[in-house]
Amino acid sequence: ALLAGLAKPVVIVLHTNHAQELDVMVADALARLRGAGVHLLNQSVLLRGINDTPAAAAVHARRLFACGVLPYYTHLLDRVAGAAHFDVPLAEALALEAALRAALPGYLVPRFVREVPGDTSKTPIWQL
Numbered sequence: 105a106l107l108a109g110l111a112k113p114v115v116i117v118l119h120t121n122h123a124q125e126l127d128v129m130v131a132d133a134l135a136r137l138r139g140a141g142v143h144l145l146n147q148s149v150l151l152r153g154i155n156d157t158p159a160a161a162a163v164h165a166r167r168l169f170a171c172g173v174l175p176y177y178t179h180l181l182d183r184v185a186g187a188a189h190f191d192v193p194l195a196e197a198l199a200l201e202a203a204l205r206a207a208l209p210g211y212l213v214p215r216f217v218r219e220v221p222g223d224t225s226k227t228p229i230w231q232l
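For the record, in the sequence shown the residue sitting at position 95 is 199 according to the working numbering, with numbers rising by one throughout.
Hints listed in this document are in silico derivations from the structure and should not be mistaken for laboratory results. Computed from a predicted structure; not experimentally measured. Think of the CB as a built atom: it goes at the ideal place given N, C-alpha and C, for glycine as much as any other residue. A few of these clues could be false.
[Unchecked claim] Now the in silico label distances, taken between C-beta atoms and shown as ranges:
#	residue 1	residue 2	range
1	194	112	30 to 38 Å
2	110	222	17 to 25 Å
3	143	189	32 to 40 Å
4	129	230	15 to 23 Å
5	139	202	18 to 26 Å
6	174	219	35 to 43 Å
7	206	111	23 to 31 Å
8	195	111	40 to 48 Å
9	189	223	33 to 41 Å
10	174	202	30 to 38 Å
11	117	139	13 to 21 Å
12	111	157	38 to 46 Å
13	119	230	21 to 29 Å
Start from the sequences and build out the full structure, keeping to the hints where you can.
So, in structure tokens, the structure goes:
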């Protein structure tokens, strides 16, 4: 009821990295949000050993869509202390993106991006 009278659409961007995060409880909560007219997008971080295979990424995208969420961004890992073991090299990220484009409909393929210091927006990895 609170959202019904708003003049602008409400968009919520989730942050999930793996299909296992989207359990029944989460799916029910997302269904309630969708029922209230909320648009749902997801951003994730590409993590070695977590979601860096075509199979894992495709299952995640399909599960998101089943929950009414569109995959929006997959970020390459920011280079921060203590996280180097999760880093996926650019060449592997590009190959993963290509594999997803070959396996999934376009609306299920997130934009693969990196935040570059000084840039005003996220940079698609194909431009790096």
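Hint check results:
1. 194 to 112: 30 to 38 Å: holds, 36 Å
2. 110 to 222: 17 to 25 Å: Taking Cβ atoms as reference, residue 110 and residue 222 lie about 35 Å apart, which means the hint is violated.
3. 143 to 189: 32 to 40 Å: holds, 35 Å
4. 129 to 230: 15 to 23 Å: At roughly 37 Å between Cβ atoms, residue 230 and residue 129 fall outside 15 to 23 Å, so the hint is violated.
5. 139 to 202: 18 to 26 Å: violated, 36 Å
6. 174 to 219: 35 to 43 Å: Once the Cβ atoms are compared, 20 Å apart, the range 35 to 43 Å for residue 219 and residue 174 is violated.
7. 206 to 111: 23 to 31 Å: Violated - the Cβ-Cβ distance for residue 206 and residue 111, about 41 Å, lies outside 23 to 31 Å.
8. 195 to 111: 40 to 48 Å: Given about 45 Å between the Cβ atoms, the range holds.
9. 189 to 223: 33 to 41 Å: violated, 26 Å
10. 174 to 202: 30 to 38 Å: violated, 20 Å
11. 117 to 139: 13 to 21 Å: Holds, since residue 117 and residue 139 (Cβ atoms, about 18 Å apart) stay within the stated range.
12. 111 to 157: 38 to 46 Å: holds, 43 Å
13. 119 to 230: 21 to 29 Å: 23 Å Cβ-Cβ, so the 21 to 29 Å window holds.
When held up to the earlier numbered hints, the structure conflicts with 2, 4, 5, 6, 7, 9 and 10 and fits the remainder.
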